[in-house]
Amino acid sequence: MAKENKTISAMVLDFFISLKLTIFLLIFLALTSIIGTVIRQNADPSWYIHQYSQTSFRIFSALDFLDLYHSWWFLALISLLSLNLTACSIRRFPVTWKRFCQKKVLMDDGLHKSLPNKESFGSKISPEILNQRYCRLLGKVFARPVTTHSKDDYHLFSEKGKYSIFGVYVVHFSILVILAGSMVGNFFGYEGYMQLEEGQTREGIYLKNTKHFKKLGFSVRCDDFKVTYYKESKQPKDYKSILTIIDQGEEVLTKTIEVNHPLRYRGIFFYQSNYGTTTRNGKLIISVTPQKDEKKSKRYQVGLGESFQIEGTDTWVKAARFIPDFMIDEGKVVSKSNKLLNPAVELVVIKDQVIQYSTWAFQRYPSFHGSSKKEFDLKLIDFQGSQYTGLQVAKDPGVMIVWAGCILLIVGIMVTFFLSHQRIWLRIAAKDKKSLITLAGSANKNREDFERKFGKLANMIKEADK
Amino acid sequence: MISSTSIFEGIILFYLFSTVIYFAHLAFRSSILHKIGLVVLSIGWLFHSGAIILRWVESYQLGIGHVPLTNFFESMVFFSWAIVLIYLLLECKYGFNVPTIGAFASPLAFVVIFIAVTSFPSEIQPLVPALQSDWLIYHVVTCFLAYGAFAVAFGASILFLVKQRKEKKGIREGSIMDFFPSSDFLDELTYKVIIIGFLMLTIGIITGAAWAYYAWGRYWGWDPKETWSLITWFIYAAFLHARFTRGWRGKKVAILSIIGFLAVLFTYLGVNLVLSGLHSYA
Ligand code: HEM
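Sequences listed follow chains A and B, in order.
Here the first sequence stands for residues 1054 to 1519, where the numbers follow my numbering.
Here the second sequence stands for residues 307 to 588, where the numbers follow my numbering.
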């Protein structure tokens, strides 16, 4: 087909339409996608420099490998794929449409020659009667035929799965729909995070990438938060938040959310993401035991940052600092997580307004003391802080378009690969009061299956003659 | 009552036995052996199905009821089950006439369930909240039916390459190669199985996206598992398109099918063992 005098533009066009480009792009996309799974995406520059080297980092970021799936060249590849697909579909559609509209009900010798499956035999029965029988038979086991009577011949034509020739267009179109839906999401949607203590109300979120605060236009209150655990284990089974939406001063909706069961309001989804305990407004229970008299232990409740006086003395204790998950990292006290896994409090002992000393008390390790020879033995009995719930918040107006595209994709693939356009022609020619029957057929796909079907049909047609 | 785990151990023997019979069938070319192998494999598969259901029941008895598709052990058991299922369906479709494929599917199913039982803990574990979703079932079942189909296609593609090479050199009458299905038939069979796998993988990726949307608030996040499933999808899409251009028939297409299956294995195992991400398994 390649002509010598083909213009450059025609060649370029051909390239864009070609299946070779499709295959190349699909494989190339597969290969480049691998890079993004091997190199961590969107981490801190210092992480890459530490993990690889300064030079590698510079090369990676120059090639956009650190946010590969949003890089201009990856998007360009996907755009090229869409272009390829659109161009091919536009170019092929008229051919398909013509095929759809044409109806060749008469089988002449030329057509007969071109068909892959055929069979012919003679019968003593007259064409009129055979015509009626075959009409009924084809209608029953295949599809209702169109009958044409020309000269002395009867022509029967029936077809099935005609619409399946559009399957490929549905598949290709669905991919464009999915891509369009994801763009709508990119431009008009957002993702963010919200942290709510029990009883707290907030009216906005922190956006995922920019960390900017965004108002939602209504507020959300966390009424309660609960964690349940598997029997005899520390593994959480469920965590649930009861949320109330307050829109223009009115409580409009209350719902319990958990992982996999988000709340939706005005197109914005609230997903249960994580949880923890805040130290703010927390109450501590501290027990104080004089070294001299161990039976005279007493418990005090104190707010964080506040002090209490040990009864019968002029000594004060201040709850200076609270750490929910105590750990020492490079000589500094830090909290490993926001969960109450290793609660510890720093207590400052004051006498006559002079700081005597400070010490850490651990709820999990009551017998651990930094200073054992002191006058009082201080223990952390309990910490009652408020729990907070962490909510992933997202709005994606494109998601319905994406789902629609997905359904089209599945339907399209099924139609394209499991259905085929099957056609059967049957000619009954009169010959000296006898009939000469010619049966032929073709399918545009799954030819082996059709061949089998055709064989069965031919047998039935032969049987019907007896 | 007998536990599902001990049944799984018994199934290893069934599949080992059927593998031996299928190999003997190839060596002696007796169709009786094919029938016996098929019967042994089918009985093993019925027990396999029963044991999966039993494990499901057991998890409810433990009070942590969930579908048995939630860790490496359970998913490999299901993978093995899916390989045999796809093969048995092929046998039905082709009139019990594809024993050479069975000689591939049977040992594959054996190896997978053997690894599952010997290398992964078989205890029924409680589910983390993220896995407590109905989408889990749709997602995992469709993905593993796809994997099973691709595994069978992989076997057919290897047979194809071997057979095609011998066909070019000329095959001695009565040799083992003469006994293999023709390369055209294997090419066709690979295509048929890959269509089924491709449809299932497509549904698997979509149900996974839907699940991610309800659990994490986004349907696609370029997580390594997601990305690798898309890579696999691209490879098989390339395979399907390649079949529409005549020049790509045969060898090149068979190689794409083999590469596709390697991508499947990496999506399933490699991502968890080599890379890291949100998916806990499968
Ligand atoms: C992923 C993006 C895709 C692109 C860029 C793409 C592109 C193309 C292109 C350019 C052609 C060539 C048409 C021609 O020149 O005749 C084609 C054909 C075809 N595509 Fe796709 N395609 C994609 C996905 C799919 C999928 C997912 C399927 C089905 C599962 C599919 C099924 C087909 C079929 C069956 C044909 C052959 C049509 C025929 O010859 O009748 N495509 N595709």
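The set of hints was computed from the structure by calculation and includes no laboratory data.
It cannot be assumed that every hint is accurate.
[Said to hold, decoys possible] Each computed DSS-like pair below joins lysine-lysine, with the alpha-carbon atoms no more than 25 angstroms apart:
hint, chain 1, residue 1, chain 2, residue 2
1, B, Lys472, A, Lys1498
2, A, Lys1204, A, Lys1215
3, A, Lys1213, A, Lys1486
4, B, Lys399, A, Lys1073
5, A, Lys1166, A, Lys1213
6, A, Lys1498, B, Lys558
7, A, Lys1509, B, Lys399
8, A, Lys1166, A, Lys1392
9, B, Lys558, A, Lys1171
10, A, Lys1448, A, Lys1213
11, A, Lys1498, B, Lys557
12, A, Lys1290, A, Lys1392
13, A, Lys1193, A, Lys1293
14, B, Lys557, A, Lys1073
15, A, Lys1166, A, Lys1448
16, A, Lys1392, A, Lys1204
17, A, Lys1506, B, Lys557
18, A, Lys1392, A, Lys1193
19, B, Lys558, A, Lys1193
20, A, Lys1498, A, Lys1509
21, A, Lys1268, A, Lys1213
22, A, Lys1213, B, Lys558
23, A, Lys1171, A, Lys1215
24, A, Lys1404, A, Lys1389
25, A, Lys1268, A, Lys1448
Inset, instruction - Could you tell me which of the numbered hints above are not met by this structure, giving the numbers in increasing order? - result: Hints 1, 2, 3, 4, 8, 9, 10, 13, 15, 16, 17, 18, 19, 21, 22, 24 are the ones this structure does not satisfy, whereas the remaining hints hold.
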